[in-house]
Amino acid sequence: MPTPPIVSAKGVHKHFGHLHVLKGVDLEVADRELVFVIGPSGSGKSTLLRCLNRLEQPSAGSITVDGIDMLSPATDINHARQRIGMVFQSFNLYPHMTALGNVTLALRKVAGKSRAEADELGRAALERVGLADRATHRPLELSGGQQQRVAIARAIALEPRVMLFDEPTSALDPELVGSVLEVMRSLRESGMTMIVVSHEMGFARAAADRVLFMDHGLVVEEGTPAEIFESPRHERTRAFIGQIRRH
Amino acid sequence: MTRLDRFLDAFFNAKVMDKYLPDILAGTRLTIELAALIVLSGILTGLVLALLRSLGFRPLNWLIIFTVDLFRSLPPLVIIVLIYFGLPSAGLSPSSFVSTWLSLSLVLMAFAEEIFWAGIVSIPRGQWEAARSTGLGFGQALINVILPQALRLTIAPLTNRTIAITKGTALGTVVALHEILGMASSAVSNSYNPSPLMMGAAAYLVLFVPVVVGARWIETRFAWKR
Numbered sequence: 001m002p003t004p005p006i007v008s009a010k011g012v013h014k015h016f017g018h019l020h021v022l023k024g025v026d027l028e029v030a031d032r033e034l035v036f037v038i039g040p041s042g043s044g045k046s047t048l049l050r051c052l053n054r055l056e057q058p059s060a061g062s063i064t065v066d067g068i069d070m071l072s073p074a075t076d077i078n079h080a081r082q083r084i085g086m087v088f089q090s091f092n093l094y095p096h097m098t099a100l101g102n103v104t105l106a107l108r109k110v111a112g113k114s115r116a117e118a119d120e121l122g123r124a125a126l127e128r129v130g131l132a133d134r135a136t137h138r139p140l141e142l143s144g145g146q147q148q149r150v151a152i153a154r155a156i157a158l159e160p161r162v163m164l165f166d167e168p169t170s171a172l173d174p175e176l177v178g179s180v181l182e183v184m185r186s187l188r189e190s191g192m193t194m195i196v197v198s199h200e201m202g203f204a205r206a207a208a209d210r211v212l213f214m215d216h217g218l219v220v221e222e223g224t225p226a227e228i229f230e231s232p233r234h235e236r237t238r239a240f241i242g243q244i245r246r247h
Numbered sequence: 001m002t003r004l005d006r007f008l009d010a011f012f013n014a015k016v017m018d019k020y021l022p023d024i025l026a027g028t029r030l031t032i033e034l035a036a037l038i039v040l041s042g043i044l045t046g047l048v049l050a051l052l053r054s055l056g057f058r059p060l061n062w063l064i065i066f067t068v069d070l071f072r073s074l075p076p077l078v079i080i081v082l083i084y085f086g087l088p089s090a091g092l093s094p095s096s097f098v099s100t101w102l103s104l105s106l107v108l109m110a111f112a113e114e115i116f117w118a119g120i121v122s123i124p125r126g127q128w129e130a131a132r133s134t135g136l137g138f139g140q141a142l143i144n145v146i147l148p149q150a151l152r153l154t155i156a157p158l159t160n161r162t163i164a165i166t167k168g169t170a171l172g173t174v175v176a177l178h179e180i181l182g183m184a185s186s187a188v189s190n191s192y193n194p195s196p197l198m199m200g201a202a203a204y205l206v207l208f209v210p211v212v213v214g215a216r217w218i219e220t221r222f223a224w225k226r
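Just so you know, the protein sequences line up as chains A and B, in that order. Residue numbers are given in our numbering: position 233 of the first sequence equals residue 233, and the series is strictly consecutive. Residue numbers are given in our numbering: position 177 of the second sequence equals residue 177, and the series is strictly consecutive.
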């Protein structure tokens, strides 16, 4: 019997004023699966990700994460969000706190841990991203790659069931991308369910179970990395893959 | 008498200064008490209004914006006069102290609200999103993530505004408040000598220079590397 999906989105629509950004997207992600979402800018891939933890309120559709109906008014959204980690393109670390402070804030305020417990869990999370020695540094004393790893630690410290990555390496200098991908790879190996919006094709090929290609608010096609990157069925997919290859 | 002697006799007349020193000191004490109260109530209410405004509840925000714009536009002197001479017809008779305190608190509240609000909205949306995505509620994100960053940006403009408005305590003279300037100018008319005004000026310096220095200290204290 197949396990029920961790993430299940059905018929998700999102309007921004007159703009119809998502036009009925379905997405199911199984436990321990890594799904890559690619597509041109404005295709709605980031919006889809942000709908999954309700940073954006979908206009229509249903979203279930780990058995929780994310769109129900009865759902405690703050509680539910602990199960969904999110990593942003621009890191969004809190500049007035140390790395450890960034990681432990939600542990203390949301998960209700004592400072000592939170510090211990926070240090363990920083250890996992290879930054145990940077616990007392402020974000602006860290490189972009280190900041993004602290952001990953902040999310995984809450032990989420699924991690959302919104272009996690797009704001990084090329030489810093590797360290972030390395952390994502080890996260993947630990069995984390992940949904990644990114154009890191090399990483997708090596780590993704499935690749979705989105355009104009719809999933145009999906398949294994080999299928999507080597023999896309749709003309639009082919054109897009050709474009990112040239870069 | 040389020119210098004439100048000293007019502006730094020891006999006059000695005579009116107790008055100026009493005025200084009153100004300190009044200023401290204005700073406390003005900044606190301004902060509360800014926090309420961040809830994004439209009708409430219209009310806040209207109030704030009103007290930012009216000259403080007009507000003092309205409260002192106007409220008695509503059955309330605030003293000159209370009238001045209330008026300047309202003005400082209005400016402080705008300064706090500008600080809050200047924090990038990503900070809110990061905090909310980890499960922090609106209030928790505001208190732990947004406000500490916003407050740091507000220190400089808030200090300037606070000093400008607390110096407005001198306006209390129109409702016969015995603060520094009121004491000094009545001493000037009684002694036919402007020396008390110099003492008043000195009192203002003694009062406000520490505030400016203190604000600078707070600013460096809360700075972090950009």
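It should be emphasised that the hints constitute simulated quantities derived from the structure, not laboratory data. Owing to the predicted nature of the structure, the values given are computational and were not obtained by experimental measurement. Worth double-checking, as some hints may not be accurate.
[To be verified] To give an idea of the chain A side of the interface with chain B (calculated C-beta under 10 Å), a few residues:
hint	residue
1	Leu19
2	Leu55
3	Ala80
4	Arg81
5	Gln82
6	Leu93
7	Leu105
8	Lys109
9	Ala116
Virtual Cβ for every residue (Gly too), placed ideally from N, Cα, C.
Okay, the hints, checked on the actual structure:
At a threshold of 10 Å, the smallest CB-CB gap from leucine 19 of chain A to chain B is about 18 Å, leaving the interface hint violated. The criterion of a C-beta within 10 Å of any C-beta in chain B is met by leucine 55 of chain A, whose closest approach is roughly 6 Å, and the hint holds. Using the Cβ-Cβ criterion of 10 Å, the hint placing alanine 80 of chain A at the interface with chain B is satisfied: the shortest such distance is roughly 8 Å. Satisfaction of the interface hint for arginine 81 of chain A is found here, the shortest Cβ-Cβ separation to chain B being roughly 4 Å, below the 10 Å cut-off.
Taking 10 Å as the C-beta contact cut-off toward chain B, the hint placing glutamine 82 of chain A at the interface holds, the least distance being around 4 Å. For the restraint placing leucine 93 of chain A at the interface with chain B, the shortest Cβ-Cβ distance is roughly 7 Å, inside the 10 Å limit, so the hint holds. For the restraint placing leucine 105 of chain A at the interface with chain B, the shortest Cβ-Cβ distance is roughly 6 Å, inside the 10 Å limit, so the hint holds. Nearest Cβ of chain B to the Cβ of lysine 109 of chain A: about 5 Å, under the 10 Å cut. The hint holds.
Annotation: alanine 116 of chain A was flagged as interfacial toward chain B, and the flag is violated, the nearest CB pair being 19 Å apart, outside 10 Å.
Checked against the numbered hints given earlier, this structure breaks hints 1 and 9; the rest are met.
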